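Asks: Could you fit the two chains together into a complex? Lean on the hints.
So the protein sequences, as listed, match chains A and B. Here the first sequence is numbered in my numbering, starting from 493 and rising by one per residue. Here the second sequence is numbered in my numbering, starting from 1134 and rising by one per residue.
These are computed hints drawn from the structure, not numbers from a lab. Please read these numbers as outputs of a predicted model, since none were measured by experiment. Beta carbons are placed, not taken as given, at the ideal position from N, Cα and C, and that holds for glycine.
Chain B stretches covered by chain A per the calculated footprint, using a threshold of three residues with CB under 8 Å from any CB of chain A: (1) 1384-1398; (2) 1635-1648; (3) 1856-1869.
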Amino acid sequence: MKVQVTVNGKSHQLDTPPNLLLVQAIREELKLTGTHVGCDTAQCGACTVIVNGNAIKSCNVLLAQVDGAQITTIEGLASADGSLHPMQSAFKDCHGLQCGFCTPGMVLSAIDLCKRHPNASEEVIREQLEGNLCRCTGYQNIVKAVQQGAVALNA
Amino acid sequence: MGASDFSKLPHIGESILRKEDYRFLTGAGQYTDDIDLANMAHAVFVRSPHAHAHIKGIDKNAALAADGVIGILDGKDVEDAKINGLPCGWLITDTSGHPMKEPPHPILAQGKVRYVGDHVVMVVAETLEQAQNAAELVTVDYDVLTAVVDVRDAPNGSPIHESAPDNHCYKWAIGDKAQVDTAFANAAHVTKLDLVNNRLVPNAMEPRAAIGSYSRANDEYTLWVANQNPHVERLLMTAFVMGLPEHKVRVIAPDVGGGFGSKIYLYAEDVCLTWASKKLNRNIKWTCDRSEAFLSDAHGRDHVSHAEMAMDKDGKFLALRVHTHANLGAYLSTFATAVPTILYATLLAGQYTTPQVYVEVDAWFTNTAPVDAYRGAGRPEATYLLERLVSRAAWEIGLTQDEIRKRNFITQFPYQTPVALQYDIGDYHACMNEAQKLADVAGFQNRKAISESHGKLRGIGYSSYIEACGIAPSNIAGALGARAGLFECGEVRVHPTGSVTVFTGSHSHGQGHETTFAQVVAARLGIAVESVDVVHGDTGRVPFGMGTYGSRSISVGGAAIMKALDKIEAKAKKIAAHLMETADTDIEFNNGEFSVKGTDKKISFGQVALTAYVPHNYPLDKLEPGLNETAFYDPTNFTFPAGTYIAEVEIDPATGLVKVDRFSAVDDFGTIINPMIVEGQVHGGLVQGIGQALLENCVYDRETGQLLSGSFMDYTMPRADDFPIFNLGHVCTPCTHNPLGTKGCGEAGAIGSPPAIMNAVLDALAPLGVKDLDMPATPHRVWQAIQAARAQ
Chain A
493 MKVQVTVNGK
503 SHQLDTPPNL
513 LLVQAIREEL
523 KLTGTHVGCD
533 TAQCGACTVI
543 VNGNAIKSCN
553 VLLAQVDGAQ
563 ITTIEGLASA
573 DGSLHPMQSA
583 FKDCHGLQCG
593 FCTPGMVLSA
603 IDLCKRHPNA
613 SEEVIREQLE
623 GNLCRCTGYQ
633 NIVKAVQQGA
643 VALNA
Chain B
1134 MGASDFSKLP
1144 HIGESILRKE
1154 DYRFLTGAGQ
1164 YTDDIDLANM
1174 AHAVFVRSPH
1184 AHAHIKGIDK
1194 NAALAADGVI
1204 GILDGKDVED
1214 AKINGLPCGW
1224 LITDTSGHPM
1234 KEPPHPILAQ
1244 GKVRYVGDHV
1254 VMVVAETLEQ
1264 AQNAAELVTV
1274 DYDVLTAVVD
1284 VRDAPNGSPI
1294 HESAPDNHCY
1304 KWAIGDKAQV
1314 DTAFANAAHV
1324 TKLDLVNNRL
1334 VPNAMEPRAA
1344 IGSYSRANDE
1354 YTLWVANQNP
1364 HVERLLMTAF
1374 VMGLPEHKVR
1384 VIAPDVGGGF
1394 GSKIYLYAED
1404 VCLTWASKKL
1414 NRNIKWTCDR
1424 SEAFLSDAHG
1434 RDHVSHAEMA
1444 MDKDGKFLAL
1454 RVHTHANLGA
1464 YLSTFATAVP
1474 TILYATLLAG
1484 QYTTPQVYVE
1494 VDAWFTNTAP
1504 VDAYRGAGRP
1514 EATYLLERLV
1524 SRAAWEIGLT
1534 QDEIRKRNFI
1544 TQFPYQTPVA
1554 LQYDIGDYHA
1564 CMNEAQKLAD
1574 VAGFQNRKAI
1584 SESHGKLRGI
1594 GYSSYIEACG
1604 IAPSNIAGAL
1614 GARAGLFECG
1624 EVRVHPTGSV
1634 TVFTGSHSHG
1644 QGHETTFAQV
1654 VAARLGIAVE
1664 SVDVVHGDTG
1674 RVPFGMGTYG
1684 SRSISVGGAA
1694 IMKALDKIEA
1704 KAKKIAAHLM
1714 ETADTDIEFN
1724 NGEFSVKGTD
1734 KKISFGQVAL
1744 TAYVPHNYPL
1754 DKLEPGLNET
1764 AFYDPTNFTF
1774 PAGTYIAEVE
1784 IDPATGLVKV
1794 DRFSAVDDFG
1804 TIINPMIVEG
1814 QVHGGLVQGI
1824 GQALLENCVY
1834 DRETGQLLSG
1844 SFMDYTMPRA
1854 DDFPIFNLGH
1864 VCTPCTHNPL
1874 GTKGCGEAGA
1884 IGSPPAIMNA
1894 VLDALAPLGV
1904 KDLDMPATPH
1914 RVWQAIQAAR
1924 AQ
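Isolated chain B (complex conformation) (with noise of 0.2 Å):
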């Protein structure tokens, strides 16, 4: 079945409310911090105080004698375990031809802390407060050294790992650099920017949380984690760190109260939960603190670029080139490395022609948390950069921002870029289009007067965004340096009585897959949503799974399921064949039955499903009884979804306050299953967008290290009444290779509402001289920017 035959399916397309919903409302859900074992122990980390120190000595005396105390692990004894380090799972090889520096990354210090927050000593007893009673008895002596915090700092600063003097894990670059410099040596105009990409704290609601089981009569470990990939976790955690038997080890991923990429990753606690619950011979609880977590959840973005393009008289492109420093934290984290390089410089192409584009990025360690994905993960960096250039080109050679846009848009496709990918369809003008309509842009110099009228600046910006998702075809990730394959598992299974649970490897924490999975099952066989159960989650009841990130469910989980469902229809077709009296050519199914092609001739899915378990009238000798059916999906290429986004901002200049005063976003997601969750996947996603341009920064200080922003006093999270209601619009070209035509929708609007929201913002404080901005544009940084701009 084609894409376009199954967007016309029933129920594709239709805003069905979730079915997990009721669990969720009445305070039923099932979170990890919400699980009671019994005879549970609880475990709290010593986390270092120094971003950067040698460790002198730890002394647990005091801390092994205080009350409920069951055992205190540190470093010495994961040695002596022998557990190997965290692992990172993308190989990125240096421009001099060798594989990127990959310091050892323990789970619990060894010899050295390397950032706040570092994981130095886990203390267990009978309960929490007890843990963290004994946890302040351990002394830990410190040999203070100097920290490096900012990228920019790094070459310079003291070597935190050994195998890395200068602090430099990589410098990769991707695209011709000769035939970049020829083009910009004929530029009739070249723009160039500096900018911060800034520092973010994931901060999904439902701090991290584990539970380590073991139990002894079978020689099996249960580690149940707020995790988003639970089957990846195991194998991580099984093959490469502690040597364990993959098959005697199971990882639950319970509800999960969001992830964004930050419960992607094999963290440490993890491993010290699963190492213990053996050792201790216990069921041993671990719940992350806010604070903690603004400590030791891998944080995101945290860029340093120089961007150039180079453009004709008429502001078409003629040559991109960047170069980019990338922080990675004090360690590498599981996909840290790809971040800032696979992930980020093949989207800078954009939605644009430009023929060539070359980019070079310096990837540094500092004494910070690690830095790894989160949310759009490389593409709102990719996506930041190149729309704050465009945008800025056009002011500079005296064209609008949608005019520069386009003049240059692609139109052709499939289309190959310079930086790698080919993208398969798309419609940018439909978009830029839409948007202009749903923004009014038509009314903006009225609304603008009238701010001016109030004393007020008012401004407008845009950004087309394209990102790749749905990751991804394993043989080119595997060429780019990926260590795992990235494609999905889906098992249905068709119950005797007609009814079917669907065991998906991808991982719903809050984007719905147990109502958007449904519908695509009962959409195929022609039963009711409420007939179709979706299991994931449970490394013990779901096949396999690469888990859900970079917007892959739908495009990938879901094209598993749809060959799953494939194999499910055609065997179907020949139970129903045996039952009519026909050859298995004859039948046709549409709509739950199978008829006879030219009679009246049919029976119901129900009636066939029975069959396969009740084979009396089958096919023995030809055909197995049953109707269960597994498949594996590989993309062949990624997923494009793209789109305009114009952002309305009003200034009041006396407060440097910016209010967003209207926020049209327009997207092409391809196919679309439920337009009511693919609606709230954008509004987060703005939110988040929003939120990194105006409000969130995570911020270090310079000299020591220590975190400043941690906690929620301190860091800026989105509110409720920072916000309008945002104008969403839908443009629709199908992606051309998977066979649900779907592209993705989880990451957009983090993707393109940073640079629309600083366009507008430097459009708005153009007329008072302000030529540039870093985000966040928070009202001190957009008042200090007015005042150094009138002090000129």
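So that you can see chain A by itself, here it is in the shape it has in the complex (with noise of 0.2 Å):
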């Protein structure tokens, strides 16, 4: 079936089979393969990306389901000449990051919880990322580094 979306402000329209989940569509068709598979019961989060400007899980959606819809992935943070996004500068200045394979999911978590939450306590953020799983960081420091990312998102 076709499916027309824009991701990170580029129009594609694509044909593919009914059940491809968007995750698919994203790492095999558009070749974008920040966005990653961390499990396969939509618990993991690293799969997250912003859809109409609400963070899914990816795994979770067919991309039948967002035909025309507006998705930002991992690679559309960055501005075009490659300076970081506020949360993505705050993950890295706050070591929010070790292995790196939850942190796309992270980041666009973040950026929804801070627009959702815009003075979030230090108790809400960590209820918040419960469905991001990270096992490198402690979740410490991604905690620091949302405070941080919301400081200057708010700014």
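Replies: So, in structure tokens, the structure goes:
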């Protein structure tokens, strides 16, 4: 079936089987491999992307369900000249990543979290990150990164 | 240069932001599944649904006729190709004097399957979906046998391997049993404890993946694989399994999303892909699903132990005796046999002067996934047992948890333990004192009263851990059964324009070596950190390496780089001496400049580098051009990070929910290169260790051997809202035997934390009459323990 999506500002016309997951479309059709697959039960959040302004788990959504949508993946965050989005910078400054596998999903979830909870406390940040698993960092520096990113985004 | 001078160099001890972050933050990391090769096919493995069964027949006909299928391989094809089974890298000698049982570990099942998830058939097709569809058409006719899951059931279970009819792999012991028994006979008090160290699934966020690629044109293989030690992977696969010429195989471990030990091993899938890429003449990719990972990644821990400590009337330890049943799983994984023996029992003196220790370990086969090293590898098991026992002893004889430890701390170094290891240096009192300050132990009683006023329980738990890392001196390892050396290799290549590329045998799958190792090189050569590039993970670019595990990278990999830098410095001094027309011995090197002693004549490192490659004014009769040195470093001892962790928990008796209210960790890692990276390693380790204590548990059905905790829905992973901010502190007693003074830091958090948590939980529950509890202390188990105690 034919589906149109705008990904990181660029329109794509895709013709794919109806059972194709959004994460598969992103990784395999569009070759944007920054969005990762970490599980098969929609728990880990490594596949998180922004669809029409909201963070969603792309492993849990069919491409067909997002026909016409505006999608942002991790590749779409930095500026055209390569300078980092404030949340990406915050993760770097705070050592909020180690192996990097959960990072794209974590950064996009963090941006979405800050939009919905502009002055989130540490407790709220931790609760809101329940849908993003990290095995490396122990979450502490991720929380600090989100706090720093929130300040930068609010500025 | 001594460790003390090294630690004073610029950049050492500096929290430089990581060089590798940009690609990870922008989605430009290249993990194995991200790689696409031309004309790539896809593999799916058909796995056993039974824990234990004979294979009566495999029918591939329907599958072979399915769309897009290129090839379907099974155990018979493996046999015809004369491919050996997976090797075990550590030979343990049984107490009878015989070698351990070493049953075959075929890459595809031959005649029998031995755990749910055991690899039976590999299906290769044009697309992943076609491979998955074809896999469902493969019919395997099984004759189901009874399964054994729990180590305690192993001796009476159906024999899993012909060579081990009682499912016993080996009995191993260390220590003087007679001396220990005498000490017990004369003890004023004996504390006893039965404990379980619960089985865990490593669950790195990146599932395993591999791509096999064979070039008929060059008769060369390339294997991309999510792996922690590509040279070891290559050596094992070419020399022991497939009989391939080692120089014709390239193994590349690109960006790897976490390992924690689970990606050390040579797995069947890696071999199958390499083999099939030539047999089918195609590039073939395999990516593990998460549910598949739960079944097929090597698991960790799974010990059942009985421990006894004998002490005098003042709580001074006289002797420790331990018996452990260790579950090895259905087959021997690469390092499996060393984990419950060499990496475990030798740590049971702990930080204490216990003069006699006797440990006996029985290792068993069961119908479960193979068990091997997982963050800490044997040391978490040792620390959990010892630190639970010590706190219990304190409660029994009326001492506080800290007092009993302080009465037994080692204070003189080097210290020869009764379990083979000799600790070089440490300051255990300093770690304890610092931890008690950080934890505000003084305020505990007050906080407890407040908790109680809200109907909650509060407890405090101590753990004083020590571990052996920086494995290992090759001759000692060999004497203990290792079939490999455990040195490391580093090549420092100075380019004509003065920038440097370092090729290291260490591998970063999150540890930040691209930054830390660059700091080391920049510090020694007096150049910018930006001018140093670190290459790892490719047998085609790095001369050799034993890889990253056992917290060995900075102490062994870093030391190899330091030795290469020594050679670079020595050669550069000769070039500088020639340029400045003086004797070699007149040259000093500081801060990137070569100077003539007693004068103000100097030239820069950059000038020397250029001269090495444009050798016009150069002692060509005595010195080769170029500035490129390789070194191999074999450590002379293990390193011994140690520390004290103090956990404070609050428990709601109505629900059993344990909240970690505060956690203080003081570690002595010796010299610290990048504090930010080291703290990150501790955070990660703490969360895995606390996860083991409160959340995680890998459970098989005891009757059928079915994996019950088979996904993230059933296996509780640590999440952000399970933890407070950790209080970290450091003590520094530099390692005495490597040039950096480092001890390593990657595993400490996972080693020291489980007993701290469980001691805190038991401290909190004590007033309700709860005497004992196994990990994980989930709300259900805590609640049940409270009910059971109240019923008495």
